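Trainee: Sequence:
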Amino acid sequence: MTYAVSAIRPAGKPRKKRLSHTAIEPWLYLSPAIVLLVVVLLVPLIIGISYSFRKFSAFRSEYVGLGQYETMLSDQVLGQALVNTLWWTVASLFFQFFLGLGLALLLDKPFVGRKLVQAVVFLPWAVPSFLSGLTWAWLFNPIIGPLPHWLFALGLKAEPTNILSDPATAMWGPIIANIWFGIPFFAITLLAALKSIPSELHEAAAIDGASPWQRFTKVTLPFLAPTIVITVMLRTIWIATFADLIFVMTEGGPAGSTSTVPVYIYVSAFKSLDKGYASAVAVLLLVLLIAYAVALIAIRRLLVRHV
Numbered sequence: 006m007t008y009a010v011s012a013i014r015p016a017g018k019p020r021k022k023r024l025s026h027t028a029i030e031p032w033l034y035l036s037p038a039i040v041l042l043v044v045v046l047l048v049p050l051i052i053g054i055s056y057s058f059r060k061f062s063a064f065r066s067e068y069v070g071l072g073q074y075e076t077m078l079s080d081q082v083l084g085q086a087l088v089n090t091l092w093w094t095v096a097s098l099f100f101q102f103f104l105g106l107g108l109a110l111l112l113d114k115p116f117v118g119r120k121l122v123q124a125v126v127f128l129p130w131a132v133p134s135f136l137s138g139l140t141w142a143w144l145f146n147p148i149i150g151p152l153p154h155w156l157f158a159l160g161l162k163a164e165p166t167n168i169l170s171d172p173a174t175a176m177w178g179p180i181i182a183n184i185w186f187g188i189p190f191f192a193i194t195l196l197a198a199l200k201s202i203p204s205e206l207h208e209a210a211a212i213d214g215a216s217p218w219q220r221f222t223k224v225t226l227p228f229l230a231p232t233i234v235i236t237v238m239l240r241t242i243w244i245a246t247f248a249d250l251i252f253v254m255t256e257g258g259p260a261g262s263t264s265t266v267p268v269y270i271y272v273s274a275f276k277s278l279d280k281g282y283a284s285a286v287a288v289l290l291l292v293l294l295i296a297y298a299v300a301l302i303a304i305r306r307l308l309v310r311h312v
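Residue numbers for the sequence shown follow the numbering used here, beginning at 6 and rising by one.
It is worth saying that the hints were derived from the structure and are not from the lab.
These figures come from a predicted structure and were not determined experimentally.
Be careful, since some hints might not be right.
Stated by the list, open to error - Listed below are the simulated BS3-like cross-link pairs for lysine-lysine, each with C-alpha atoms no more than 27 Å apart in a straight line:
1) Lys223 x Lys200
2) Lys223 x Lys114
3) Lys280 x Lys60
4) Lys120 x Lys60
5) Lys114 x Lys200
6) Lys276 x Lys60
Could you put together the complete structure from these sequences and hints?
Mentor: This is the structure we're talking about:
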């Protein structure tokens, strides 16, 4: 019996060694991606946060602690930018989601030319954002663009003027452009989620006498709910940090009526040359978006638990 125990112990050592190699090996494969993420994401994030505690001038910088954050409390321009960001994000997201959901439901049904329609629906997502901004700015131009004249012909405007030059309506220009630009994201992702729903569930509900609306609310929507939460979260973050369309179309004007937080960060950093204050505003936006993401992820967990 003693001989058997002594023979087993040496045989166990190579196995422990193999287990340690097995534990380390995945990290070796992941190491290039980890290094890239640290260099591209983590290091700039740490540097940006550190900038928010400093005051920069033309040739030097000084540590001011929480001074930049105290300045934000009395910054009325930043307050207006936060309101504009909320309006820009909610309006864009609302129309993007419901129009994208409608297109996804339409493309889920077989009809002649469906492949062509799918290609056309995806086209705005493939157009560079700055080119989209230039195109929509041209469309809203009352001299060379058609939209003001169409609105005048429909009786929606008293005269063919540029809505981008009126502080009361200027935000609608970038919002309309962003709706057109972002619909494909929801259409494609929700269409993929619709394709994953077993057709047997719809057939069983139809046999039981469920109406199309009941099949949508009781079968389709519960299966789409987790995907909807994730897509809404991602698109909200992208819209809230998206400044290309606004800057190309209005540069934040007129009179700051279209200046969102990302536009304000750009102006503070590269026009006012105040990198410290721009970094502090960027940190504020980061904290708000993290809180929003955490809340939506918690909602998604509840939805997944009940589906």
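Trainee: Now tell me, hint by hint, if it's right for this structure.
Mentor: Structure-based check of each hint:
1. Lys223 x Lys200: It holds: about 17 Å lies between the C-alpha atoms, which stays within 27 Å.
2. Lys223 x Lys114: 19 Å, holds
3. Lys280 x Lys60: 8 Å, holds
4. Lys120 x Lys60: 55 Å, violated
5. Lys114 x Lys200: Holds. Lys114 to Lys200 sits at ~10 Å (cutoff 27 Å).
6. Lys276 x Lys60: 15 Å, holds
This entry does not satisfy hint 4, going by the numbered hints stated previously; all others are met.
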